[in-house]
Amino acid sequence: MARYAMAIDLSSCVGCAACAVACKLENEVPAGVSRLWIRLEESGTFPDLAMQYRPEQCMQCADPPCVGVCPTGASHVTDDGIVLVDAETCIACGACIAACPYGARYFDERGFVGKCTFCEHRLAEGRVPACVETCPTLCRSFGDLDDPNSDVSRAIRAAHRVEVLKPEQGTHPKLVYLDAPARFGLASEGVPK
Amino acid sequence: MKRREFLKLSAASVGALMVASETQALKLPNPLARAPKAWYDGEVSTVLTYCENCFWKCGVRASVADGRVWKVDGYAKNPKSRGRLCPRGQGAVAQTYDPDRLKRPLIRMEGSERGEGKYREATWDEALSVIASGMLAIKERYGSESMAFFAHGSGDTWFGDYLPAAWATPNVGKPSVSLCTGPRETAAQWTFGRGIGGHEPIDWENTDYIVLVGHHIGEDTHNTQLQDFSLALKRGAKLVVVDPRFSVAASKADRWLPIKPGTDTALLLAWLNVLVTEGLYDKAYVERYTVGIEELTAHVQPFTPEWAAPITDLDPDAIRAVARELAAHAPRAVVPPGRHTVWYGNDTQRMRALYLVNTLLGNYGVEGGFYFAQPPYIEKYPHAAFPLEPSSGGCSGASGGETIDTGYRASVDHGKFFAKTTAVQELIPAMISGEPYRIAGLIAYGVNLFHSIPNVARTQEALKKLDLYVAIDVLPMDHVMWADVILPEATYLERYDDLVEIAHKTPFIELRQPAVEPLWDTKPGWWIARELGLRLGLEKYFDWPDIETYLDKRLSTIGSSLAKAKQAGTLVQRGRPYLSDWEQRNLDPFGTPSGKIELYSQSFADAGFDPMPVYEAPEEGPAGSYRLLYGRSPVHTFAKTQNNWVLMEMHGDNAVWIHTAEAASLGLKSGDYVWLENQDGVRDGPIAVFATERLRRDCVYMVHGFGHRAADMKIANARGASDTALMSRYRLDPISGGAGLRVNFVKLVPGAPRPRLPRLTKLAERSV
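Taken in order, these protein sequences are the chains called A and B. Be aware that the first sequence starts at 1, since it is given in the numbering used here, and climbs by one per residue. Be aware that the second sequence starts at 1, since it is given in the numbering used here, and climbs by one per residue.
Everything labelled a hint here was simulated from the structure, so no lab data went into it. We put the CB at the ideal spot given by N, CA and C, even for glycine. Some hints could be false.
Where chain A lies over chain B, by a calculated footprint (3+ residues, C-beta under 8 Å) [to be verified]:
| # | region |
| --- | --- |
| 1 | 36-49 |
| 2 | 85-93 |
| 3 | 642-651 |
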C-alpha cells in the first residue's frame with residue numbers, strides 16, 4: 001500500500017503542455033476533452049509584470065467528493081489512494097462530474113466518465129505517470145507520501161511553499177503546488193494529510 | 001442534475017494551453033458501453049529512434065502494438081532527451097496517422113498552371129522518370145548548376161548534401177542557415193574559429209548567471225536546453241532576460257530589460273564598455289587566448305551605459321548593474337547565443353558583440369560558460385568521390401558546396417555577402433532574372449517555401465518561371481501544391497535515415513529506424529534520392545543496394561554494426577569539452593587566422609567590414625505602424641505542425657499581441673479580429689487581437705507558422721495569420737547572408753470577420 005501524490009513546482013513550469021500531450025496519447029483521451037490542462041495567469045502593468053502557468057488535473061483528493069455521490073460504486077479509491085472510475089460499472093450519470101470542484105472529470109463519448117488515473121497502469125510497471133516522466137522542466141515529482149525518500153516527499157520538503165487548489169472545499173488534494181510565484185499564492189495548507 | 005448541464009460542465013475542462021473556444025456537441029451515453037481495451041493491454045514492442053518533430057533530434061522510444069505506434073517517449077540513455085520529450089515530440093505520432101498526408105506521387109495536370117493545385121496520381125516510376133528527364137534536360141541546356149535544392153530536416157542529408165553533390169550543383173539552400181542561425185555561426189567562426197553548431201554548447205550545469213538576449217527558452221522547447229535551463233534556475237542561477245516582450249523566460253527572470261527592438265548591439269557595447277573601463281574583465285584569460293584587447297578598449301570608450309540608455313530605452317544603472325553582476329559571477333556567467341538570429345541585417349556584428357562579452361568574462365571553453373562541442377567520430381560511406389563537396393550536415397552546418405578548382409560555376413549568390421555559404425533567399429532572384437546564370441529547376445525537400453522565405457510574391461513569381469519544380473514532403477503544404485511533381489515521403493516513424501552525428505559535450509551518433517511500415521504509397525527519403533540518382537546516371541554514387549547496407553558499412557568504421565545500433569539507438573563517445581582538455585593534448589581549439597579568439601577581426605577589416613562591432617540604428621516604420629516581431633509556440637515547430645490535431649488542440653491559432661493602451665487607442669480589445677497590413681500593402685489574416693501589458697508599445701508580436709492557405713490540410717488551413725506573408729522585405733546581412741526579418745511594420749485594420757472554421761474535434765476524429 002502506498003499513498004501516491006504529485007507535486008508541481010510552479011516556479012519551473014513554462015506551460016509547454018508536454019504533460020498534456022503525453023497524457024492525451026498515453027491514455028487515448030479523445031479530442032475535445034482533457035484530463036490535464038494548463039491555466040495561464042497574468043498580472044501587473046508594463047513593465048511591472050508577473051505570470052504563472054499552472055497545470056491542473058484530478059487532485060486525487062484524500063476526501064474526494066466525487067466518490068460518495070457515485071450511485072454504482074464506479075468511482076472508487078484504490079488501496080494506494082488513487083481515485084478511479086471503473087468504466088464497466090459507470091453509467092455516465094454525471095453526478096461525479098457535478099461534484100468535482102476542480103472540473104477534472106469529463107464525459108467520454110464511449111459511455112463513461114474519464115479522469116486522471118495517475119497512470120495507474122504505469123505504476124504497476126514501476127514507471128511514473130506519463131506527465132511526470134516527460135516534463136522537460138522537471139517540475140513534476142511523484143511518489144509515495146509515506147516514503148520520506150520518495151521524489152514527491154523530497155520535493156515537498158525542499159519547497160518554500162506548498163499549496164493546494166480550493167482548500168476551503170475540504171477535499172485534501174494529493175496534488176500540491178510548490179513555490180508559486182509570490183503574486184499568485186493559492187492558499188496554504190501545508191503537506192497533504 | 002440534468003444531462004445537458006453536466007455535458008456543459010465537461011466541456012469546461014477541455015483544452016490545455018488556451019481556454020477552449022469550441023463548445024462540445026457530445027452524443028448521449030451508451031449505458032451498455034464497456035471499458036475499451038487500452039493500447040498497452042496487449043503485447044507492446046519498443047523501437048529506438050530519434051524524433052523529427054523539430055531539428056533538435058531527441059532520442060526516443062516508440063511503443064508499437066498491433067502494428068501501430070501509440071506513444072513516443074524520451075529515451076533515457078540519449079543525451080538529448082534524457083528520457084523526456086517536449087510536447088512536439090510527444091505529439092509527433094499524430095502526424096503519422098494524419099489522413100491529410102500525401103499518399104502517393106502526384107503529377108500536375110497537363111494544361112494547369114502552377115498554383116492551381118490540379119493533380120493526378122502517378123506511379124513512383126512515372127513520377128521519378130518525369131523528374132529525371134526534366135533534370136537531364138536542364139543539365140543539357142544550362143549545366144548541372146542550374147538545378148537548385150532547398151532542404152530542411154533529417155533527410156537534408158540526401159537532398160541537401162548527397163544528391164546535389166553527386167549531381168554537381170552548389171546551389172543548395174537551407175532555411176536553417178540564412179533564415180535562422182547564419183549570423184551566429186558566421187560570427188562564431190570569425191571570432192572563435194569554431195561554429196556554435198546545432199546544439200548550443202552552453203555549460204548550463206555549471207553556470208551561475210545567465211543573460212538571455214531575445215532568446216525565448218520555454219517558448220522554444222528545445223528539450224535538452226529547456227531541461228538544463230530549468231535545472232540551472234532550480235540550482236539558484238540568476239537570470240536576466242532582454243526582450244521587448246515579457247516572455248515566459250522573462251517571467252522566470254530576476255531582472256527583465258524590456259529593450260527597444262533593434263537596439264541590442266548598443267546594450268552589448270555598453271556591457272563591453274563597463275567590463276573594459278571598470279577593469280572587470282578576465283585579464284589572464286584575455287591575455288592568453290585573445291587578440292585585439294587594446295583596439296577593443298579604445299573602441300568601446302564612447303559606449304557608456306548613459307550612451308546606450310536613450311537608444312535602448314533602458315535604465316543606465318540597470319545596464320551597468322548587469323555588466324558588474326556578469327563580471328562578479330565570471331567565468332560561471334554566460335550570455336548564450338539565441339538560435340534565430342536574423343533580425344536587422346547587421347546581425348553578424350551583434351552576435352560578435354555578444355561573443356566578445358562572453359570572451360571578456362573568460363568563459364569560452366571554461367566550466368559555466370561555453371564548452372567545446374566535438375562531433376563524434378565515424379567514417380562516411382566509401383562511395384565514389386563526388387564532383388562537388390557536399391555541405392556539412394545538420395541544420396546549423398554551412399550550406400552550399402565549394403566550387404573552386406572543380407570546373408563548376410560558383411553558386412548564383414556568390415559574392416553577394418562575405419560568408420562562403422549559400423543563402424536560400426538569394427538563390428531565388430536567379431530563377432527570375434537568369435543572372436548570373438539561370439536556376440531552371442528546384443527540388444524542395446521539407447522546406448515550406450511560403451512560410452520560411454521572405455517576399456512570398458517573389459518566390460511565387462520564381463516558381464512560375466522554373467522548367468521543373470519538385471516538392472518532397474509529408475503533407476500537402478501551400479508550396480507543395482505548386483509543384484510539377486509531388487513525392488510523398490514516409491514519416492520519421494516509418495523510415496530509416498542517414499546516421500546523425502551530434503556535436504556535444506559527449507559526442508554521439510543516433511540511428512533513425514522505422515517502427516512501422518510506411519502508410520499508403522509513401523517512401524523514405526533515402527529511397528527517393530537513390531531511385532532518382534539511378535535514373536540520372538549517378539549509379540556509381542549509389543552502389544549500396546539498400547539503406548541497411550549503407551548504415552552497416554558506416555557503423556563498421558567505429559566497430560559497431562547496424563544490428564548493434566538498432567539495439568542501442570544512441571552511440572555515445574567521449575568529448576573534449578574544456579580548454580584544459582585541449583591543452584593537456586597540446587591541441588589548439590581556435591581555428592581563427594590568428595589561432596586565438598579575435599576581439600579585433602583583421603579578416604573583417606580586410607574585407608571592408610567593421611573589425612569590431614558598431615551599433616547601427618534600425619530603420620523606423622511608417623507612422624501608425626508597429627514593428628512586426630514573431631516567435632514560437634512551445635507546441636509547434638515552424639509551419640510543420642499545424643495539421644497535427646493533438647498539438648492544435650493545445651494551441652490552435654495565433655493572435656496578434658499588442659499593448660493594451662495601443663489596442664484601446666485603436667478601439668480594439670482581445671478577441672476582436674483584424675487584418676494585418678504591412679508597409680507595402682500586403683495583407684494577411686483575419687487574426688484575433690490579444691491586448692496585453694506584456695509587450696512594448698512600439699511593436700506587435702505573433703507566433704510564427706500559422707495562417708496556412710492549404711485547402712488539403714484540413715486542420716491547418718486558414719487558422720491564424722502568417723508572419724512570413726507580411727515579410728515582404730528583408731535586410732541582407734552583408735557578412736553572413738542572413739535575411740534580417742524584423743524590418744517589417746504592420747497596421748491593424750479593424751473589422752475583419754471572425755473565421756468560420758470546421759470544428760477541430762470533428763477533424764481530429766478522421767485520424768487513421
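We went through each hint and held it up to the structure:
1. 36-49: Three-residue rule met by the region 36-49 of chain B, so holds; n is 4.
2. 85-93: holds (count 7)
3. 642-651: holds (count 6)
No hint from the list above goes unmet by this structure.
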